[in-house]
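Q: Could you slot chain Y with the ligands onto chain A? The hints should help.
Chains A and Y, in that order, are what the protein sequence lines are. In terms of this note's numbering, the first sequence is residues 1 to 260. In terms of this note's numbering, the second sequence is residues 1 to 318.
Derived PhoX-like pairs (lysine-lysine); straight-line CA-CA distance at most 25 Å:
#, chain 1, residue 1, chain 2, residue 2
1, Y, K17, Y, K50
2, Y, K182, A, K149
3, Y, K179, A, K149
4, A, K2, Y, K179
5, Y, K314, A, K258
6, Y, K182, A, K2
7, Y, K182, A, K47
From chain A, some residues computed to sit far from chain Y (all C-beta separations above 12 Å):
#, residue
8, P65
9, E108
10, A195
11, K198
Derived by calculation from the structure, the hints in this document are not laboratory data. Cβ atoms here follow ideal geometry from the backbone N, Cα and C, with glycine treated the same way.
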Amino acid sequence: MKIVVCVKFAPDSTAPRKFSSDDTVDRVSVDGILSELDENAVEEALKIRESAASDAEVVVLTMGPEQARTAITKTLQMGADAGVHVVDDAIHGSDSIASSRVLAAALERTGFDLAVCGMASTDGGMSVVPAMLAERLGVPQLTMASEVKVDGTAVTIRRDGEVATETVEATMPLVLSVTDAANEPRYPSFKGIMAAKKKPVEELTLGDLGVDAGEVGSAAAWTTVESIEERPARTAGTIVTDDGTGADQLVAFLAERKFV
Amino acid sequence: MAEILVLVDHADGEVRKTTGEMLTLARRLGSPAAVFVGSQIDTAREALKKYGAEKVYVLDSSDLTDYLVAPKAEALARLMEQHDVGAVLVPASAEGKEIAGRLAVRTGSGVITDAVDVESGDAGPVTTQAVFAGAFTVRARVTHGTPVIAVKPNAVTPEAVDGAATEEQVTVEVSEVAKAAKVVDTQPRQSSGRPDLSEASVVVSGGRGTAGDFAPIEALADVLGGAVGASRAAVDSGWYPHAYQVGQTGKTVSPQLYLAAGISGAIQHRAGMQTSKTIVAVNKDPEAPIFELVDFGVVGDLHKVLPAVTEQVKARRG
Ligand SMILES: Cc1cc2nc3c(=O)[nH]c(=O)nc-3n(C[C@H](O)[C@H](O)[C@H](O)COP(=O)(O)OP(=O)(O)OC[C@H]3O[C@@H](n4cnc5c(N)ncnc54)[C@H](O)[C@@H]3O)c2cc1C
Ligand SMILES: Nc1ncnc2c1ncn2[C@@H]1O[C@H](COP(=O)(O)O)[C@@H](O)[C@H]1O
Numbered sequence: 001m002k003i004v005v006c007v008k009f010a011p012d013s014t015a016p017r018k019f020s021s022d023d024t025v026d027r028v029s030v031d032g033i034l035s036e037l038d039e040n041a042v043e044e045a046l047k048i049r050e051s052a053a054s055d056a057e058v059v060v061l062t063m064g065p066e067q068a069r070t071a072i073t074k075t076l077q078m079g080a081d082a083g084v085h086v087v088d089d090a091i092h093g094s095d096s097i098a099s100s101r102v103l104a105a106a107l108e109r110t111g112f113d114l115a116v117c118g119m120a121s122t123d124g125g126m127s128v129v130p131a132m133l134a135e136r137l138g139v140p141q142l143t144m145a146s147e148v149k150v151d152g153t154a155v156t157i158r159r160d161g162e163v164a165t166e167t168v169e170a171t172m173p174l175v176l177s178v179t180d181a182a183n184e185p186r187y188p189s190f191k192g193i194m195a196a197k198k199k200p201v202e203e204l205t206l207g208d209l210g211v212d213a214g215e216v217g218s219a220a221a222w223t224t225v226e227s228i229e230e231r232p233a234r235t236a237g238t239i240v241t242d243d244g245t246g247a248d249q250l251v252a253f254l255a256e257r258k259f260v
Numbered sequence: 001m002a003e004i005l006v007l008v009d010h011a012d013g014e015v016r017k018t019t020g021e022m023l024t025l026a027r028r029l030g031s032p033a034a035v036f037v038g039s040q041i042d043t044a045r046e047a048l049k050k051y052g053a054e055k056v057y058v059l060d061s062s063d064l065t066d067y068l069v070a071p072k073a074e075a076l077a078r079l080m081e082q083h084d085v086g087a088v089l090v091p092a093s094a095e096g097k098e099i100a101g102r103l104a105v106r107t108g109s110g111v112i113t114d115a116v117d118v119e120s121g122d123a124g125p126v127t128t129q130a131v132f133a134g135a136f137t138v139r140a141r142v143t144h145g146t147p148v149i150a151v152k153p154n155a156v157t158p159e160a161v162d163g164a165a166t167e168e169q170v171t172v173e174v175s176e177v178a179k180a181a182k183v184v185d186t187q188p189r190q191s192s193g194r195p196d197l198s199e200a201s202v203v204v205s206g207g208r209g210t211a212g213d214f215a216p217i218e219a220l221a222d223v224l225g226g227a228v229g230a231s232r233a234a235v236d237s238g239w240y241p242h243a244y245q246v247g248q249t250g251k252t253v254s255p256q257l258y259l260a261a262g263i264s265g266a267i268q269h270r271a272g273m274q275t276s277k278t279i280v281a282v283n284k285d286p287e288a289p290i291f292e293l294v295d296f297g298v299v300g301d302l303h304k305v306l307p308a309v310t311e312q313v314k315a316r317r318g
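If we strip away everything but chain A, and leave its shape as in the complex, we get (with noise of 0.2 Å):
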């Protein structure tokens, strides 16, 4: 079974973010890291791979720019086999339709029967790319799984909804995303460590992809921002010490808010 998991370099959610003058993410001077929420995807793709009867291979597939080789090799520590990193020019302000556009052409050069992803890219966040390579590529959409279930090349998925929990069943090949509640992912051991040096990450431009550049990048973005404003900072509230009265104080304040 050849797992793929699509990951994605984004910058780190607890340092301040910011955009760049062409109103792009700004991927270079803010540090980047492995999108938190693509290390459930890891972790899901490696658990598969753990309890899978036959023999199982976990790819990790990127697309980004030079530095988010940093994300694959967190990948290969954690466990996975081998890692396909897209970097390009070009592809520097693609949109979601651009970036699936290129991970599904990657997926296909790659071949797959699960191709895993992460619930949201932490900057982006449009929870989009998952469907959009499943729409791409022909096949099943599993996504969005709380809990994950293979038997051969059947898979079942739990999906908590607005509304209602749903189970959902298909057949390899298929697109699976998961949830944060998934799993807990695991950290990379120093043997995880030691052993990623060796293994295997080979880089693919668009042109190995067939990949036409006018389809990807700023220039082909279908959607374009009008504008960027800082949210202003809250001002600074009230902050009492509880001595017995923290309680008759919040009150007060609610009553002035006309809360109560």
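A: Just chain Y with the ligands, lined up with the frame of chain A:
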């Protein structure tokens, strides 16, 4: 006037508040046309008319509801081919966004998700989004194809304007490939009896500081007529169901009042509550980052402060 398709958000025909909101936004852009997928149009009809749907496309087929996402995207694509459609609005739920994504690829259209506002502009609809955990406000526009926009709850106050609500039954052939992910079981969410989290005007949330006891959180929510929320730490500990999680991987709420008790205020939690109008926190650690956001904060033990507040509010109500 071009039609603005609105994918109706409903549970067994009970139209959710987001539908009224989307129809209200659609009216700014063109002629609102509701797309109802399911067999319970009899339950939904009045609400769609009330919020101004001029047309109602009824798609009643198990082919559309028995499989995940793909059939609904196909159906909307078919409607876009058959009618003069100016934009498509869908709810920004997981399903709505996935439908939007597939539809955009299928129809060669740009897609914008998580819009908190949509206005009409010279070059098409202009959306507003909150990004990077609410730190920035971005206004954007679709430049290719027919704008496909996923709209967040509470984007606008639904306006009641009587629409013609002319009904049209639509039959859509769903392709075999779209019927590949089969929904084999559906368990409707149990109602908590409290207001819906994403629609409530008051939310009281508990975190790790509750130590697993949500009774004081629920009691305060109830006297304030609010919904209950939880941090991921509380959800991960199994103290409260995931459906109530507020934050990056939970719900985004923007109530009039958000009260966080025993929650430190991590960036991922803030992402879901930062735009609340009034923020209050009770936390025993004066250094907790949540205090950077508050209008009013109490440094203290929630197990003492919350019950006392609940009692006093009850007493005031008499
Ligand atoms: C990718 C990703 C996504 C995430 N998504 C979310 C999300 O959607 N929502 C979310 O909430 N988190 C999310 N998190 C987790 C987030 O980073 C924090 O770990 C989490 O919000 C912490 O929850 P907490 O504030 O309840 O717990 P803690 O950070 O442990 O804080 C508990 C607080 O309670 C206070 N306290 C303890 N006892 C009392 C008492 N008796 N009275 C008063 N105060 C007391 C403590 O002083 C402390 O400040 C995410 C993390 C990641 C990596
Ligand atoms: N540039 C990328 N490279 C690899 N995978 C990606 C990329 N962008 C998105 N993904 C995958 O798609 C998921 C959802 O992303 P998004 O739709 O951007 O929220 C992520 O969790 C990844 O698994």
